[in-house]
Structures are given as C-alpha cells and as structure tokens.
Amino acid sequence: MSNVKTVYKKSEGLSDFHLSYCPGCTHGVIHKLVAESLVELDLLDRTIGISSVGCSALNYDFFSCDMQQAAHGRAPAVATGIKRVKKDAIIFTYQGDGDLASIGIAEAIHAAARGENITIVFVNNAIYGMTGGQMAPTTLPGQITTTSQNGRDPETQGLPLKISELMATIPGATYVERVSVHDPKHVFKAKKALKKAFEIQRDKKGFSLIEFISTCPVNWGMTPKGAVDWAVDNLIPYYPLGVYKDKTEGIE
Amino acid sequence: MAKVLMKGNEAMALAAIKAGLDAFYGYPITPQNELPEYLSKQMPLHGRAFVQAESEVAAINMVYGAAGAGARVMTSSSSPGIALKQEGLTYIAGAELPAVIINVMRGGPGLGGIQPSQADYKQITRGGGNGDYYLYSLAPESLQEAVDLIKESFDIADYFRNPVMIAVDGLIGQMMEPVDFEREVPKWDLKPKTWAADGNRKNRKKNIINSLYLDPNDLENHNLKLKAKYDEMRDKHQRYEMINMENAEIVIVAFGSTSRISRTAIELLKEEGINCGIIRPITIYPFPQNAFNEIPESVKNILVVEMNLGQMVDDVKLHVQGRLPVHFYGRVGGIVPEAEEISDQVKKIVGGTYE
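For the record, the sequence lines run as chains A and B. For the first sequence, position 79 matches number 80 in this note's numbering, and the numbering has no gaps at all. For the second sequence, position 22 matches number 1301 in this note's numbering, and the numbering has no gaps at all.
Keep in mind the hints are simulated off the structure, nothing from the lab. No experiment lies behind these values; they were computed from the predicted model shown. It is possible that some hints are incorrect.
What the hints assert, rightly or not - The calculated lysine-lysine pairs, modelled on DSSO-like cross-linking and capped at a C-alpha distance of 27 Å, are:
1) 1481/B - 10/A
2) 1579/B - 206/A
3) 10/A - 1485/B
4) 192/A - 1485/B
Construct the entire structure; sequences and hints are all you get.
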C-alpha cells in the first residue's frame, strides 16, 4: 500500500455536513472553491463567513470557519459590522441573486461605496431557488419562472440587472470579476479569481465581488447537463465573463 | 468628579463610550441626531468604530454583525427608525446577541412629528419584530439616570445575551442637565464570550451565529430557552420607584418625562391636601408588576399618565386586575402635559375642589 497516495480530497474548509443542494446545482462547486482558496491561503482560522437567505442559507453548517447567518439581503451590512471591529479577520458573504440584486442591492452598493475590505461571493442563477423558482432581478427576458409564467416581459417586468457591470462603476470597489463553473477550465479560472479576491482582502486593499454564473436545474426544469448548456448558451451571452474592475492592475 | 452640563443625546453617547462601546452604527433621524454626531468625532479618537449606515435596516444589521463577533455595540434612532430596525432586532434576539439600542421617541403614526412622545410603548414592550422575543427596556426620567442606565445596559445585554433598549422621549434627548459620569453603577457577573464568531478559530471549534431552526422540535426548544430568559427578567429584574405612597389616596403611574412632571404635580396636590403617590416603572419590559402588589390600602384610584393615547394603561389594568379603578390621561402630537393638567386630572378623580 505504500504506493497509494492521496491526490484529491475534500477541503478542510468544508465540514462533514451533507450539502443541501439539488443534484446538478453548481453551489457545491462554488463552496469547494471558497473553501480551497481559504485553506490554500492559510486564512481559514481567521475567516468569518456570512450566510444569507436562499438556497445557501444553511451554509453556516457547510464551511468549517466561523459563520454568521444574515437576514435577507443584509449580509454586506453584517460583514461591515464585523469587519470594523475585527480588522484582521477575513470576511466573506455568500449571496444569491435574489438576496444581493433585489432586497440587498442597497447594502451591496454601499458596502462597495465605503470600500469595505470584504469579499462578496455572488451566485447568479437567474432565479429564486429556495422559495421555488420565482423571478429574480437577473431572470432573462422571456424566461419562465413561477412569477413570470408567460416569460419575463421587459415591458412590465423590466430588464435583468448586470451586477458586475454595476458594481464596477462604484469608486470604492477594488476588484470585480464575473466567472463561471460550467467546465473544468472555467472552474480553475474561477478559483484564481476567488483567491485573488481573498488576497486583496488579506492585503487590506479593499472591496471585492466575484459573480458566479450558476445553474438551477430543478427550478429551470432541466437536467443537470441541460442546465449547464442553457447557462452557456443564454446566461453567459447576457452576462459576459471577465474582469470588470481591478484597481490592483489598473483596470477600471 | 464634578458634574458636567450636557445635552441629553450627547450625554447618552458619552455614557456608552464610558461603558466600553466598541462600535456605533447609526442613521440620521430627528430628534436623536446629536448622539451619532458626537460619536462620529469621539469614536475614531478612541480608536473605535463609527459607521453612518445607508439606512436604519443596514445599521441594525451592522450591529447584529459586530455583536456576533463579540463587540460592545450600539445604535440609536427614533420611532419610525426603530420600526425599520425591527428586522435586525428580532435576529439579534433570536441569535441571542447583546446590543444596546437607544430610542429617542417622537410622535407617530407614519412620519408623525419630531416632538417628544411615548407612543412607542407597545412597539418597545411587545418585542417589535416577528417571533416570541422581548427587549429588556429601560425608561430613565433624567439625564443622570439615562447615563447610569446606559453604562449598566451593556452589562445587562451581555448577561442576558439579549438586546437592551433605552427608551427616552425627545425631551430627554434634547434637554440639558448636569451629569456625573463617574457614578458607580451595578456590575453584572459576566462570562467570557466563548460563543462569538470572531474569526479566531485557532484553538477551538468553529462558532455559528444563527437564528434558523428548521426542525420544529429544535425551534420549540430554542423558544423555550428564550422564554426562560424573559421569565428571569420578570422574576428578578423588574425595576421601579414608589414615590409618596404612604397614606396616598390616589396613585399616578408614569414613566420617563411624564413621571418627572408628575413629581411636580403631586407637590401641587399636597398644597391642596391631596395625598398622591407615583409608581414609576424604570423597566417597561419587564413591566414592574410587583409594584401593584405593594399599593397601600389607602389608595382608591389609579391614574396612568402617558404621552400617547393609552398604551401602558393596558399593562396597568392587567396587573391591577380590577382591584381598583384605572383612569387614563394622555397628551399626544408632541405636546408634553403640564403639572397643572395632571393635578387637575387627579382632582377630578378624587372629587376634590376641582370644578
């Protein structure tokens, strides 16, 4: 057995809880990337994660660092409150599109405006997952949800918000990037972005937000593979991947 | 130490600093603005945190965050702003976190007015947000008492792991009085905050701050655990003052500014041969129900005086249990009752010389 070696294992940044996510949902991959990034940067012991409301509400059980659960949309305010009294702690919020782009848009914008030295992990799957598939601010035109059963009508329901583009316009934001986890290449790229965000926070360089294009096979009414394909064909064209702002590289 | 002449809002702010305030998160609203204004200068000078949040909702959620990380944290607001903070207050209570909230009450409903009021009595004493919870609520009648209670309130919040509200009206926020900041206040027996999610996991298991219990049995147990705290507050930590009760034929029940004015009213009544006592609740939650078991036989009537249209009077009736007639007198709209008005009401009830 001496030639058996571990080449891959679950990150120490994750607990032994079974994730509550549906099969095919990419929350699990994103959790793994957050956990691995914190462990690889040796930041886990001084990290406080903020769970929000939505599918990821229970992730205070999934990460193995200190965690605080926040009210719907308020995670950036909770993160602010903590960071101002724990300046050396690493604070991340984990928020979906309903949480951040709808009810919590003010908290997200003002945390960025103050240049809070925190990291927002923003998961955009264009729908409210936990509550059963209602329309989100990021739902695409024509997309059918339980509260846009005839398809989102831009005439009455408006057009989707592009959060990374919006956040990049805020002077206080340091680093904003949109990534995806639909294939291994993009997973690696997404992890690089996350690690950079945590390094920026560690080095006290300010506010970072990483937007993940994610999937919701159950509420989209698709197979896991079908959902990934739909995200590539529909979400990514509307929400282009890339760095929208990086003050550390002079990209504004 | 010599007394210092200060405005109420600033005195309350300084009292919080003296109590070891680590962070203040607020949002402007009249008539409490001098409080955050003062702290915006003083907190950075003391190396402590001050943030003017984007809203009351954000401010109270910042309080929730800092409290979860183990800090001594406070916010202040006034009635409509307190209504907005209810979301955070129920989370703070649900997650069993200590925090201090100052409510400098103004008139309502809606935008109401900016003058003094006690119309938040029910908003304060019934919890305020969703779920079964209560705030330990203190209602000082003077700046000295406000300062003393605020200094102690952080200990009370830490002891119960529950939010404490300081309920004053705009009068106390705006007036000036001499205050001694060095007066001794009771020290509570406090345990280290080993529960805090403070990002210092090195030598312990992870800590979670949370109010979510999806299993009905877990939530019921959590609710019962919270109830045990409220029972302890009620059984051991009611506070009230009984004034001029000996041989009183009538008793005024009033808190905060109205109790202060009632003190003058009973002096006016003495001159006319009417012996009137005062029960002054200092805690409005827990309601000082014990005081109503101590009313002497001589008392034939109770008059509740409030700056609202009758809120605490319901609690008084609940605890008098029909043993005595309970009357009510209130002024609203920001109008503060004068001592003569109160003494006239008393005279009406006792059937004295008043016509």
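Compare the distance between the alpha carbons of residue 1579/B and residue 206/A with 27 Å, and conclude whether the hinted pair is satisfied. Answer violated: residue 1579/B to residue 206/A is near 70 Å, above 27 Å.
Pairwise hint evaluation, residue 10/A against residue 1481/B, where the allowed Cα distance is 27 Å at most: Holds: residue 1481/B and residue 10/A sit about 22 Å apart, inside 27 Å.
For the pair supplied as a hint, residue 192/A and residue 1485/B, confirm whether the alpha-carbon distance does not exceed 27 Å. The hint holds at about 24 Å.
27 Å Cα cutoff - pair residue 10/A, residue 1485/B: Within the cut-off at roughly 21 Å; holds.
Violated hint for the displayed structure: number 2, the only one.
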